[in-house]
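Now for the letters of each chain:
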Amino acid sequence: MKDFGFAIEKPRALDLDKADRNLYVRLLKREPSFARCFQCGMCSATCSARNFTDYNIRRIHTLMRQGQTQELDAMLQKCMLCGKCTLVCPRGVNLRHLIIQMRKLLNNE
Amino acid sequence: MHKINLIPYNSFVLPFIVGSVIMLIICLWKYIKWIKMFSPEQRSVLRKNWLSWKIFPAVWEMIREGLLHFRIFRRNVVLGIMHQAYAFGWFLLIVVGAMESMTAVRSLNQDNNARFAMELVENGEWFAYSNDDASSVELLKEQPDNVKLHYKRPLHLAIFYRYFVHSTPPQFKNAHVYSHLMDGLLLYVFLGLTLAIVKMLYSRIMGMRSTTKHTIIDRFSKFALWMIFPLRFLAESVTASLYGNGGFCTMAVAGLFDPVIVKGMELSLWTFYSVVLAIFFVTLPFTRYMHIFTELLLIYFRRIGMTETEHKTGYSMFQLNACSRCGICIDGCPLNSIPGHKVQAVYLIRAIRMQDRASVIRTMTSDCLMCGQCAIACPVQIDITALRKIQRNKGVIDTKGNYSYLQSMRSPFNAVGRVAYFGGCMSHLTPGIVSSMEKIFNAAGVKYWHMDKEAGICCGRPLSQQGFFNQASELREKNSELIKQSEATMLVTSCPICYQSFVKEYNLDIPVVHHTEFIDNLISEGKLRVNRSQLRTAYHDPCELGRGMGVYDPPRRVLAAVSMPQKVKMERENSICCGFNLGNTVLGLGDQTKVRNAAVKNLTQSGAETIVTACPMCKKAFLHNNRQSVRDIAEIVADNII
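Quick mapping for you: the protein sequence lines, in order, are chains A and B.
Mapping the first sequence onto my numbering, position 26 (from 1) lands on 26, and the numbers just tick up by one.
Mapping the second sequence onto my numbering, position 620 (from 1) lands on 620, and the numbers just tick up by one.
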């Protein structure tokens, strides 16, 4: 099938009451400004890596909050750390530090 | 003929001897350990160059910076005098003292005067011994004409000369010259001591707003150092009042003493002097004073071509220990004025050296804008940025093969022979810079290829600054491949971060210039003709362009050609960072803004209408302020093209 850049995902159900938010809470401690994020998606819109591949910080945020952390590290590795996201963030979230800390947490550091 | 050896000794020299031996052993042990830690590249540099012509400039720099301290003089004259008086003065005291004792011993040996030897043995605490069975002292007394005297010159004779030689040896011709000279040198050191005390009380007159907060052991060692020379002076004065063997200064003070009263103090003063020396020597390898010897070795290694790698090596150890914790780096640090950021180079180096808690070091390491102010200010020229990067090494999370998604990227066929233009990631947020550059290229008739028009690969410097060395090199490889493929003739970049990366971290075979240099060339070659507008501008030196790459004049020439540049107070290498430098990941928006405001204040004080910078990052930072007009140098030029 032709790849149009979007597709229909399989239906799935997620019990958010049972989500493991441990990592998310620890992350908030390391980078408190993350709590200010209102998921506007400016970061993803301006992202350098996003120009080339499927890399979406907003999506990563959602997955993090839902505790679906299995594939996060592989996703985060695509980041080039150029810092445009941090500059455009209207809420002043320190995204570069956030990404580094996420990778550290996901690697048990 | 009986051969008689004479050696000066009193038990008070023991602390000095033991102390200096301990110091030498510890220092040697440390140096050998660090040399063993050299990386393979550093080893090969050492093997290749250890005796090349490069040691001549190295020796000159050792004299210039280890003794005369030109760099501190350039920073502040009074500060320079202070350190030179202490370091060079002490050095001369040792050298002249050694010459004095050497000359004295030589003349004593030539003189072969048994009566004087007897005098020394009786008053000066010299010990006579001979290999013959007979008692040496009796031989001296009974057969004064039948002895061959052999005076020994142990290490401590030069240090305690006045105690052991009370009256001038008969044939020692220039004795008084030496004693006056030694007094003069002691006064020279006192000048340094006085200035050091003044600096402790009021450092501003030496151009230092803030000074280092030292640890207990550093203070203790400094106190010992400060006590050495006053005690030496007192001891020599007391001895001079008893025997009249001082120079102009010690004799003057000796006149104030009553010989009968001070007689009992003589030995204890000399003992204190020796003990204080010993304390200083023993603590030296563990305190800031380790810089005394290490700096010389660092200069040597640096001059023969050694550099830092991405890991902690022996060279890093020499760099860490060459830091004298003078605190000159503190004032320039843009984070210094913000409370809660005790992260300056001096504190980081101390924390690494003293092996502070890992969390403390980690915070200090990441909380730095990497603006390079400290590296410029450092009188020892420690490569602090490299040390910080090593410390930031991300280890396991610095993975390989992250950017496989870039593999399909290819250069277009029509780039051949053109000038490649790399705006940099940040230029995507400042489209004004990019469109101005396009206008300039077109006006000057330069055929260009816009490398990152749609999508650009980061240069890798933001990653390498944060210690992701593998990831950064992957991006560098890809960019190099693209540039090579394109067969472009030149690379022009608008972002100083990329510029520094392309020049220092890449290995490109085409010239790389920043757009300010490029425009400067176009104007001077007459390819681009511009108007001079009446706009009053203030130029902000971006950290990466100025301190990083030393590009100060081309942007100023360009700006003078198109506007009326105003004089800015802190400019060139003293320029204040915009606060948004990518070097710092932990600084919050609030503190970034404080640094930015300091920079803006400095620029607007000049009476300029517009702040002009040459870095998209700085432009964006200043724009965040929303108060004044901020433009890139390319935009001003583009507006004034005829």
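Read the hints as simulated data drawn from the structure, not as lab findings.
Careful: at least some of the hints might be erroneous.
What the hints assert, rightly or not - Calculated pairs, BS3-like style, for lysine-lysine (alpha carbon to alpha carbon, straight line, at most 27 Å):
1. A:K29 / B:K394
2. B:K342 / A:K29
3. B:K222 / B:K54
4. A:K29 / B:K594
5. B:K620 / B:K213
6. A:K78 / B:K400
7. B:K342 / A:K104
8. B:K389 / B:K620
9. B:K400 / A:K104
10. B:K453 / B:K478
11. B:K504 / A:K78
12. B:K478 / B:K394
13. B:K222 / B:K342
14. B:K36 / B:K394
15. B:K36 / B:K48
16. A:K104 / B:K478
17. B:K389 / A:K29
18. A:K104 / B:K394
19. A:K78 / B:K222
20. B:K484 / B:K199
21. A:K104 / B:K199
22. A:K78 / B:K478
23. B:K478 / B:K389
24. A:K78 / B:K36
25. A:K78 / B:K389
26. B:K620 / A:K78
27. B:K312 / B:K439
28. A:K78 / A:K2
29. B:K453 / B:K439
30. B:K400 / B:K33
31. B:K33 / B:K3
32. B:K394 / B:K569
33. A:K78 / B:K394
34. A:K29 / A:K10
35. B:K36 / A:K104
Verification of the hints:
1. This hinted pair checks out: K29 (chain A) and K394 (chain B) have alpha carbons roughly 20 Å apart, not beyond 27 Å.
2. A distance of roughly 21 Å separates the Cα atoms of K342 (chain B) and K29 (chain A); the hinted pair therefore holds under the 27 Å criterion.
3. A C-alpha spacing of about 35 Å is found between K222 (chain B) and K54 (chain B), which places the hinted pair above 27 Å, so the restraint is violated.
4. Distance restraint check for K29 (chain A) and K594 (chain B): the Cα-Cα separation of roughly 23 Å lies within the 27 Å cut-off, and the hinted pair is therefore satisfied.
5. For the suggested pair K620 (chain B) and K213 (chain B), the alpha carbons sit about 36 Å apart, so the restraint of at most 27 Å is broken.
6. Only pairs whose Cα atoms come within 27 Å are accepted, and K78 (chain A) paired with K400 (chain B) is accepted, the gap being roughly 11 Å.
7. Between K342 (chain B) and K104 (chain A), the direct Cα distance comes to roughly 24 Å. Compliance with the 27 Å bound is thereby established for this hinted pair.
8. For the proposed pair K389 (chain B) and K620 (chain B), the alpha carbon gap of about 25 Å is at most 27 Å, so the pair holds.
9. Of the pairs offered as hints, the one joining K400 (chain B) and K104 (chain A) holds, with about 16 Å between alpha carbons and a cut-off of 27 Å not exceeded.
10. A distance of roughly 17 Å separates the Cα atoms of K453 (chain B) and K478 (chain B); the hinted pair therefore holds under the 27 Å criterion.
11. Between K504 (chain B) and K78 (chain A) the CA atoms are separated by roughly 24 Å; this keeps the pair inside 27 Å, and the hint holds.
12. As the CA atoms of K478 (chain B) and K394 (chain B) are separated by approximately 21 Å, the hinted pair is consistent with the 27 Å bound.
13. Taking the CA atoms of K222 (chain B) and K342 (chain B), the gap is about 22 Å. The hint holds against a cut of 27 Å.
14. A C-alpha spacing of about 25 Å is found between K36 (chain B) and K394 (chain B), which places the hinted pair at or below 27 Å, so the restraint holds.
15. Note on K36 (chain B) and K48 (chain B): the hinted pairing holds, with a Cα-Cα distance of about 16 Å set against a maximum of 27 Å.
16. For the proposed pair K104 (chain A) and K478 (chain B), the alpha carbon gap of about 26 Å is at most 27 Å, so the pair holds.
17. For the hint pairing K389 (chain B) with K29 (chain A), the CA-to-CA distance comes to about 25 Å; that is within 27 Å, so the pair holds.
18. For the hint linking K104 (chain A) to K394 (chain B), the alpha-carbon distance of about 9 Å falls within 27 Å, and the restraint holds.
19. For the given pair, K78 (chain A) sits about 51 Å from K222 (chain B) by alpha-carbon distance, which is inconsistent with the 27 Å threshold.
20. Our distance criterion of 27 Å between C-alpha atoms is broken by K484 (chain B) and K199 (chain B), whose separation comes to about 56 Å.
21. With a C-alpha separation of about 45 Å, the suggested pair K104 (chain A) and K199 (chain B) falls outside the 27 Å cut-off, and the hint is violated.
22. Distance restraint check for K78 (chain A) and K478 (chain B): the Cα-Cα separation of roughly 14 Å lies within the 27 Å cut-off, and the hinted pair is therefore satisfied.
23. Using a Cα cut-off of 27 Å, the hinted pair K478 (chain B) and K389 (chain B) holds, with the two alpha carbons roughly 22 Å apart.
24. Between K78 (chain A) and K36 (chain B) the CA atoms are separated by roughly 38 Å; this puts the pair beyond 27 Å, and the hint is violated.
25. In summary, the hint linking K78 (chain A) to K389 (chain B) is supported, as the alpha carbons are separated by about 21 Å, within the 27 Å threshold.
26. Under the criterion of a C-alpha separation no larger than 27 Å, the hint pairing K620 (chain B) with K78 (chain A) is consistent with the structure, at around 25 Å.
27. Straight-line distance between C-alpha atoms of K312 (chain B) and K439 (chain B) comes to about 47 Å, which puts the hinted pair past the 27 Å bound.
28. A C-alpha spacing of about 25 Å is found between K78 (chain A) and K2 (chain A), which places the hinted pair at or below 27 Å, so the restraint holds.
29. Between the alpha carbons of K453 (chain B) and K439 (chain B) the distance comes to roughly 14 Å, so the proposed pair stays at or under 27 Å and holds.
30. Proximity of K400 (chain B) to K33 (chain B) is assessed by CA-CA distance (about 32 Å); at most 27 Å being required, the pair is judged violated.
31. Using a Cα cut-off of 27 Å, the hinted pair K33 (chain B) and K3 (chain B) is violated, with the two alpha carbons roughly 45 Å apart.
32. Among the hinted pairs, K394 (chain B) with K569 (chain B) is inconsistent with the structure: their alpha-carbon atoms are about 38 Å apart, more than 27 Å.
33. Only pairs whose Cα atoms come within 27 Å are accepted, and K78 (chain A) paired with K394 (chain B) is accepted, the gap being roughly 16 Å.
34. Proposed proximity of K29 (chain A) and K10 (chain A) is contradicted: the alpha carbons are some 34 Å apart, above 27 Å.
35. For the hint linking K36 (chain B) to K104 (chain A), the alpha-carbon distance of about 32 Å lies beyond 27 Å, and the restraint is violated.
Of the numbered hints given earlier, the model fails hints 3, 5, 19, 20, 21, 24, 27, 30, 31, 32, 34, 35; all others are met.
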